[in-house]
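Chain by chain, the residues:
Number of protein chains: 4
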Amino acid sequence: MAGNSYGTLYRVTTFGESHGEALGGIIDGCPSGIELDFEAIEVEMSRRKPGQSAIVTQRKEPDAVQFLSGIFEGKTTGTPIGFIIPNTNQKSDDYSHIKDNYRPSHADYVYDQKYGFRDYRGGGRSSARETASRVVAGAIAKQMLPEIKINAYVSSVGPIHLDTPYQDLDFSKIESNPVRCPDEKSAAIMEEYIRDIRKQGDTVGGVVSCVIQNVPVGLGEPVFDKLHAELGKAMLSINAVKGFEYGSGFSGSEMKGSEHNDLYNPDGTTKTNLSGGIQGGISNGMDIYFRVAFKPVATIMQTQDSLDNKGNITPMTGKGRHDPCVVPRAVPIVEAMAAIVLADFYLINKTY
Amino acid sequence: MAGNSYGTLYRVTTFGESHGEALGGIIDGCPSGIELDFEAIEVEMSRRKPGQSAIVTQRKEPDAVQFLSGIFEGKTTGTPIGFIIPNTNQKSDDYSHIKDNYRPSHADYVYDQKYGFRDYRGGGRSSARETASRVVAGAIAKQMLPEIKINAYVSSVGPIHLDTPYQDLDFSKIESNPVRCPDEKSAAIMEEYIRDIRKQGDTVGGVVSCVIQNVPVGLGEPVFDKLHAELGKAMLSINAVKGFEYGSGFSGSEMKGSEHNDLYNPDGTTKTNLSGGIQGGISNGMDIYFRVAFKPVATIMQTQDSLDNKGNITPMTGKGRHDPCVVPRAVPIVEAMAAIVLADFYLINKTY
Amino acid sequence: MAGNSYGTLYRVTTFGESHGEALGGIIDGCPSGIELDFEAIEVEMSRRKPGQSAIVTQRKEPDAVQFLSGIFEGKTTGTPIGFIIPNTNQKSDDYSHIKDNYRPSHADYVYDQKYGFRDYRGGGRSSARETASRVVAGAIAKQMLPEIKINAYVSSVGPIHLDTPYQDLDFSKIESNPVRCPDEKSAAIMEEYIRDIRKQGDTVGGVVSCVIQNVPVGLGEPVFDKLHAELGKAMLSINAVKGFEYGSGFSGSEMKGSEHNDLYNPDGTTKTNLSGGIQGGISNGMDIYFRVAFKPVATIMQTQDSLDNKGNITPMTGKGRHDPCVVPRAVPIVEAMAAIVLADFYLINKTY
Amino acid sequence: MAGNSYGTLYRVTTFGESHGEALGGIIDGCPSGIELDFEAIEVEMSRRKPGQSAIVTQRKEPDAVQFLSGIFEGKTTGTPIGFIIPNTNQKSDDYSHIKDNYRPSHADYVYDQKYGFRDYRGGGRSSARETASRVVAGAIAKQMLPEIKINAYVSSVGPIHLDTPYQDLDFSKIESNPVRCPDEKSAAIMEEYIRDIRKQGDTVGGVVSCVIQNVPVGLGEPVFDKLHAELGKAMLSINAVKGFEYGSGFSGSEMKGSEHNDLYNPDGTTKTNLSGGIQGGISNGMDIYFRVAFKPVATIMQTQDSLDNKGNITPMTGKGRHDPCVVPRAVPIVEAMAAIVLADFYLINKTY
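Chains as they are written, first to last, in this note's numbering: chain A, 788 to 1139; chain B, 788 to 1139; chain C, 788 to 1139; chain D, 788 to 1139.
Next comes chain A alone, as it looks inside the complex (with noise of 0.2 Å):
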């Protein structure tokens, strides 16, 4: 399988290059009868397309889906769901200084080592441009999935930890400024840091930490798909991804268990909740979340030595848009993710 699909029942096949006509999808497995509202998706569509603040270059792009089939009289179908995102910017780019060139730390020297060649335009299918069609297929998944709420937001940048526990944020303010940080002292000193390295021509990478609320017990299966190494995987299939943790994570493994193990209350729920909401791989009914480290982007405006297809390496600035850190667009990311494997659990699970 060449990887372009994720998920069993609820399925998402993706195709597209950044700089080519469209990107789009099929998201097959769908049930039948979900009243959508398109609105809801255009608004995670805006979320996640660039240039939505001054922390990173301005630019048009709307992003508009068409759905082209499985929906009728606004209601899903049952049948599969292919729609697209038509790309705009196509022949606006010159791409003729990375054609012979391999970028550093992108994908480009080895899409060219395994396929012989590539679309050298603007990273190909390798762009995070393909992160939209996620998003479409996230946004209907959420839908799908009324009850539960999923919240991802940014809980550092570069070197700027928000330490505060989620417990203690109010998520309705991580849309209220441009680092989608819902402390907003935070959020204050994160913007300030991004614009300096911003002025630099540089990237910074950060975290996206999401918590997903009124998850039914029984999610995940064991024994290798257990529900959070669904939940990694779909993390670290995103762009710039280098690490996941869930529950204690890391800092778990220098506990002791008569410190890290939830003890019960007699409803099922238990006290504490370093177990992150998953025991042996399924939801227990309790909070889910996650954290999932971004290292800075590999474009940078600043000159770096690059390889060329001949073997000579040759200094390369970067061109075109400037994100110096995407850590904040990743977010509405995260969420689709979450909500698509959640979307293929709860289905799985319908067959018990």
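Treat the hints as calculated values from the structure; they're not laboratory data. Treat each hint with caution, since some may be false.
It does not matter which identical chain is meant; a pair holds if it fits inside one copy or across any two.
Unchecked claim - With a straight-line Cα cutoff of 20 Å, these simulated SDA-like cross-link-like pairs (lysine to any residue) come out:
#: 1; residue 1: K1097; residue 2: Q930
#: 2; residue 1: K1106; residue 2: E1046
#: 3; residue 1: K1043; residue 2: N888
#: 4; residue 1: K886; residue 2: Q1091
Got chain A; can you put chains B, C and D on it based on the hints?
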């Protein structure tokens, strides 16, 4: 899919409960003509088995694998390899204390909720004993890819960390001590710490680091099935794992692009390797390295509150074997899952 | 899985209703570097489209394919090939007569029962118009396997049978007549018969025979995914198909082993080929041949009783296009599905 | 995928060669809480085993199934059901005559070509002995769907046909005679014919008909995974099958639409059932019926030319067991595969 299979072309399906008649599995897709080294398989099995040293309870558990098909005159035939690992202890233990009780931070409660009832003997399907089948499949995958070197080791136990970069370690020392830490000084401190935890009747977590060398360029599939996404899922599917990071990992999220980018040498190798041997989800020929966080196992010898299936909170004390730190035993499991993932992508890559 | 994908490594997923905005699909797993002949794809599309001759209702339906991804500078890139086929007629027809009515031997009733409601315009997803996407995927699969020759033709129309063995036919004559029967005499009689059926406002079934030549030894997987089992599934998935037989087929069930066994020549070929080019589910290098039975399509221009969704029996007369015999139009679809199956097994076979 | 699994949600994977240590398999996805009737499983196994009557060679082959997991206190637990069927005869036979020889119309040659070598003992993986594992999985699938009635029977042996419509047959008589033909007169003639074939040292083919009753409306998935397409694949995957037709089948291709359409009754049932209980790939609640054509098995007791692996033609005479007509033994296998297909679609349908 009920989640008991892993891989697309090198496909492993396992069955078995910890205290049923036998564990086992089927490996489908192993190419024909591989001359199997059965002794090497036994070595892997003995690395995984409990009771290997003074820091854990001694237990005789031979874990002898019986191969039932797919092998003829010592070589794989290309047909499915069926195997079983008989359980020798299925009647020896007393489980009356967990029959009606949900142990904290175990899967007892969610299994009962999901399936309506459960095989309560020793954790049933949720027991880490299932990983014995993975080790068999991983040992054969290793033999399928003799040029690729996979070395995992313990890099932290509780608060004790080995911070030496893997390049400065001597992997041949991993098996020289019971904690499987290649640095002898750290190993001694870790062992002492585990002895102490053991005396307390407690357990402790830790981190397994893994390095994969000699991987050809091109393994891994865009977009969803990135090499590190599958490695992450495979690791997160191992019992007690809470986190996964590769290359620069979470610390990479604090860096700038100008620091993080791996500049090329003329031969396509890179001067640094913060990418962790993977770019755009595809191996680039550099070393792949990642870290896996394990929580402390939930079964402790101290008394803790549990929940019974009538909603009463009752104190419970762990019985039987006490594994104060399973992290050293997880080393061969991490290697096995890595080998399975690589074998799968190796076969997929042959289709190009 | 909602069943809109075919194949494991050469994987085709389709979407689209007969009267929605567009049909389309994604081909995932097509190897990189194939120089596509777009004209050849158009030829296949025009072979499938309705209104090709006097024996069916004339209709202009260009079925122009728009490729959106996976192709760069005329060659496949190894990334998914997304394509759409706009529907040009989606508002022209009147479907009020079937909105609340279940046409006999159509899928109207079962769709309503299964999904709760349906896109009633022209059959929606159950329309044979979906096969246009298959023809696109099959045309590319053919180009992926240039050495393999696939020839399908009409071997019977209603009671009129062409009994000549395929070895005695001239496949170059298949396209010389509107019934796609390579024997001109039989073709003329069949055409006459269809004209008569047409005058009656009725429809008639028939049989498509298919011969695949130059198949390498080794395609097909034991045990469940035998080559002929997949060919059978692929053919039975085409609208209106009621039966599949290969090699000696049903008549082979009347024979003795001493008659049916194909004796070898010293070079591994066989003197006879009752096996139909497949032994134990694996191609043996001889010609593969099979037959596919099509029922008469259900839409007739005569008045027949239908059921409305309130349980009333009401007379109904077919409207719009009248296809008295779709069997000639099924010829390119049979070839397309055969090509898809072969492409998939061809890739799987490369993993050995 | 190497093709040793069947089904998506009720997923059966088998392993084992005819003369290895054991056959077996894993059933993944069987819901929890099904109280298994082990005697009923044994009955199915004994229906399949060779040597059941005077018309075949007597052979003691107990085929005792050992269940190793997934069952607790007599009920399924929802975890994978692993089972083995030990081979009791693996050392008793002499295979020197086929070690270097390719028997006509067997899979010997293609296995050697595909895999480089083969387990030559008794056909290895290509032996029909593999179907024993399918019968186990089918017997459990039947118990999962107690309301659905599956009855298969022999409707022809060589040139002798039973033409009585299934509605006029008494299925309770199927097991009353060794040919499994519910019409006693036809059964007697068929039996006589098989005895004659046996005396000639020859074999003969035949047809198994199958009727499935009480199927709920809605099973089967458009577009590629139509219910009859999966039934067809499942049947064609059984050894020696050459054809499949359902409902009106090949004879339907000779009919007119006005004759073939099934008109509705007010309750959604149809007056006729030429559709065979399936419309648009989805069950419509009417009886599903289909026919499966079996060729004569290739192993005959007469002398025939074979090919050795050095390219020499050498005469060969079959040794060991002589099965003049396997069609009666195929009856439980047809039922088992039908049950597996239905179980899978039943679970998929629960996700809507």
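Item to complete: Since the copies are identical, ignore which copy is meant and state whether K1043 and N888 lie within 20 Å (CA to CA) inside a copy, between copies, both or neither.
Response: neither (51 Å within a copy, 22 Å between copies)
Worksheet entry | Homomeric proximity label, K886 with Q1091: Cα distance no greater than 20 Å | Answer is within: at 16 Å inside a copy they meet the 20 Å cutoff, but 63 Å across does not.
Discussion item. Within a copy, between copies, both or neither: which one fits K1106 and E1046 at a CA-CA cutoff of 20 Å?
Written reply: between (51 Å within a copy, 19 Å between copies)
Worksheet item: Given a CA cutoff of 20 Å, do K1097 and Q930 count as a within-copy pair, a between-copy pair, both, or neither?
Response: Neither way: K1097 and Q930 sit 50 Å apart in one copy and 31 Å across, limit 20 Å.
Of the hints listed earlier, those the structure fails to meet are numbers 1, 3, in rising order.
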